[in-house]
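Assemble chain B onto chain A, guided by the hints.
The chain contents come next:
Protein chains: 2
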Amino acid sequence: MQLTFTEMHAPTVGLAIQVDRQLYTEQSDFQRIDVFECEEFGRFLTLDGYMMLTERDEFIYHEMMVHVPLAVLGETVRKVLVIGGGDGGCVRELCRYPHIEHIDLVEIDERVVAVCREYLPTVACNLDDPRVHILYQDGLKYIRRIEDEYDLIIIDSTDPFGPGEGLFTMEFYGNCYKALRAHGVLVNQHESPFYKGDALACQRAHRNIVHSFELSRLFQAHIPTYPSGHWLFGFSSRGVHPVRDLKADDWNARGIETRYYNTNLHKGAFYLPNYVQRLLEKVEE
Amino acid sequence: MQLTFTEMHAPTVGLAIQVDRQLYTEQSDFQRIDVFECEEFGRFLTLDGYMMLTERDEFIYHEMMVHVPLAVLGETVRKVLVIGGGDGGCVRELCRYPHIEHIDLVEIDERVVAVCREYLPTVACNLDDPRVHILYQDGLKYIRRIEDEYDLIIIDSTDPFGPGEGLFTMEFYGNCYKALRAHGVLVNQHESPFYKGDALACQRAHRNIVHSFELSRLFQAHIPTYPSGHWLFGFSSRGVHPVRDLKADDWNARGIETRYYNTNLHKGAFYLPNYVQRLLEKVEE
Numbered sequence: 001m002q003l004t005f006t007e008m009h010a011p012t013v014g015l016a017i018q019v020d021r022q023l024y025t026e027q028s029d030f031q032r033i034d035v036f037e038c039e040e041f042g043r044f045l046t047l048d049g050y051m052m053l054t055e056r057d058e059f060i061y062h063e064m065m066v067h068v069p070l071a072v073l074g075e076t077v078r079k080v081l082v083i084g085g086g087d088g089g090c091v092r093e094l095c096r097y098p099h100i101e102h103i104d105l106v107e108i109d110e111r112v113v114a115v116c117r118e119y120l121p122t123v124a125c126n127l128d129d130p131r132v133h134i135l136y137q138d139g140l141k142y143i144r145r146i147e148d149e150y151d152l153i154i155i156d157s158t159d160p161f162g163p164g165e166g167l168f169t170m171e172f173y174g175n176c177y178k179a180l181r182a183h184g185v186l187v188n189q190h191e192s193p194f195y196k197g198d199a200l201a202c203q204r205a206h207r208n209i210v211h212s213f214e215l216s217r218l219f220q221a222h223i224p225t226y227p228s229g230h231w232l233f234g235f236s237s238r239g240v241h242p243v244r245d246l247k248a249d250d251w252n253a254r255g256i257e258t259r260y261y262n263t264n265l266h267k268g269a270f271y272l273p274n275y276v277q278r279l280l281e282k283v284e285e
Numbered sequence: 001m002q003l004t005f006t007e008m009h010a011p012t013v014g015l016a017i018q019v020d021r022q023l024y025t026e027q028s029d030f031q032r033i034d035v036f037e038c039e040e041f042g043r044f045l046t047l048d049g050y051m052m053l054t055e056r057d058e059f060i061y062h063e064m065m066v067h068v069p070l071a072v073l074g075e076t077v078r079k080v081l082v083i084g085g086g087d088g089g090c091v092r093e094l095c096r097y098p099h100i101e102h103i104d105l106v107e108i109d110e111r112v113v114a115v116c117r118e119y120l121p122t123v124a125c126n127l128d129d130p131r132v133h134i135l136y137q138d139g140l141k142y143i144r145r146i147e148d149e150y151d152l153i154i155i156d157s158t159d160p161f162g163p164g165e166g167l168f169t170m171e172f173y174g175n176c177y178k179a180l181r182a183h184g185v186l187v188n189q190h191e192s193p194f195y196k197g198d199a200l201a202c203q204r205a206h207r208n209i210v211h212s213f214e215l216s217r218l219f220q221a222h223i224p225t226y227p228s229g230h231w232l233f234g235f236s237s238r239g240v241h242p243v244r245d246l247k248a249d250d251w252n253a254r255g256i257e258t259r260y261y262n263t264n265l266h267k268g269a270f271y272l273p274n275y276v277q278r279l280l281e282k283v284e285e
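Residue numbers (the numbering used here), protein chains in the order written: chain A, 1 to 285; chain B, 1 to 285.
Please note that the accuracy of each hint is not assured.
If several chains are the same, the list does not tell them apart, and a pair holds so long as it fits within one copy or across any two.
[As the list claims (entries may be wrong)] Below, a list of computed lysine-lysine pairs in the DSSO-like style, where the Cα atoms sit at most 30 Å apart:
1. Lys141 with Lys267
2. Lys247 with Lys79
3. Lys282 with Lys79
4. Lys196 with Lys247
5. Lys267 with Lys282
6. Lys267 with Lys247
Since the hints were derived computationally from the structure, they do not count as laboratory data.
Keep in mind the model is a prediction, meaning the values are calculated, not measured.
Bound-form chain A, shown alone (with noise of 0.2 Å):
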């Protein structure tokens, strides 16, 4: 027998992976959820038929979420809100730093919580820290109420279209601005460069961010099982710069043991390719 679980990166062309088992499954709410087990990856979390993160490589796109901002920002980020990110991965990384006094982890679907404690517990295990709380509800309509509180938001949400598409627009974006003290920084998965459909999902973020903020940079990680490996990141702030106010030293004199981030890394991965920088370009003015 084989069973083998597709996604499509492009209409033509997609990454199949032959799945031992599927773990779980289940329509919540708000969208499909799966977990399966393969030889190659370990256990992955799917959302809609999407892959939202496997445990071979989710530590990758976790990190760059997380230590990116934080080896700008240092000791003045006590308060953060992090957007989507159920399965409690970017959690589990800011949780790392003794600073951070209080994570709000607003998450629309309660199952998806639910299904990585059960099944994908090195990623959700730092929900329970005493600093975390989770809001079930609709960051798109949280955000709006927020004014001056948060030194950080991460937007750690699915693709632009279902349960995740009111947080690429500019309401929302601008909402996240309005929440943000003046020294804060948000960071967004950005999607992809390559394949058209993300491109161009890349792009329409990219024009909304930089509406609503004065500095928006965009920063990349390889991540091997997101479409076509190049995954983009957003860090934008009212003047916060994520190369010049890096303060590598401070970050590594904190002794925090990563296996993709290093704060060389940080600085080469805004160093972003011409046909990444022309793209963004069109939507810059």
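Structure of chain B alone, referenced to chain A:
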């Protein structure tokens, strides 16, 4: 009808590409050569079933193989040796430098060159440049009798099995060292760090190179159609440093238009993730 080409990236993971048609197939004296046409990537070349290049993303690989060493060595590069690379992609990029006087392309398989001339004209387009000399020989044997002759050697090989196997050995790298002039640089395709088999090949190649060269650093690029999308290249020399000796202003003054490479990305490409550094450090003693 659905015609699907699948390249296995690991024993249980494959990239599946829907193909419009197979344009060409041949069993040469050395390997099976195929050219396919598909919607997403245009035409693509496989050797023994392994993806060599696609029209859509070959610029990434070829720009990184050529412009990285050229931006370091500048006008001191007069004579270049390309081993493998019968598709002509590296030659195409090399020909953009007027100061390069002589390019030897040593390709074991005459049929690869002929097929690429016919089916991949945007890649093979500069093979008739008067500076290009094509030698249909085994690179492994060719290099043995060369001493102190080239300013730059580019190993544009297939994977380390089949006809390309010898191009990853200690003997071969030692002969490359001998064939280079004192200021010379060796650049090689260096496999991927992610999937087990590739990572082992990468480690083995690195062990063999550090045995021969005083300085050896790896750099990376996002190549969507290669396994994991995270591809490595080697930069080896007797002391010329790929980042400290980068002459960014000189390179930018040349006005060479690129779609992936730029001199900032050049630096960033050498900042590797921790897990890749550890993989390499294990064999550096």
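Quiz item: Is it within, between, both, or neither for Lys267 and Lys247, if the alpha carbons may be no more than 30 Å apart?
Solution: both (11 Å within a copy, 19 Å between copies)
Exercise. Pop the pair Lys141 and Lys267 into one bin, within, between, both or neither, using alpha-carbon distances up to 30 Å.
Key: neither (34 Å within a copy, 42 Å between copies)
Practice problem: At 30 Å max between alpha carbons, let me know whether Lys282 reaches Lys79 within a copy, between copies, both or neither. | Solution: neither (34 Å within a copy, 40 Å between copies)
Exercise. Using 30 Å as the alpha carbon limit, work out where Lys267 and Lys282 are close: within a copy, between copies, both or neither.
Key: Classified as both; 24 Å inside a copy, 25 Å across copies.
Exercise. Classify it for me, Lys247 with Lys79: is the Cα-Cα distance of at most 30 Å met within a copy, between copies, both or neither?
Key: Answer is within; shortest intra-copy Cα gap is 19 Å, inter-copy 43 Å.
Quiz item: Is the C-alpha distance from Lys196 to Lys247 at most 30 Å within one copy, between copies, in both cases, or in neither?
Solution: neither (36 Å within a copy, 34 Å between copies)
Of the numbered hints stated above, those contradicted by the structure are hints 1, 3, 4, listed in ascending order.
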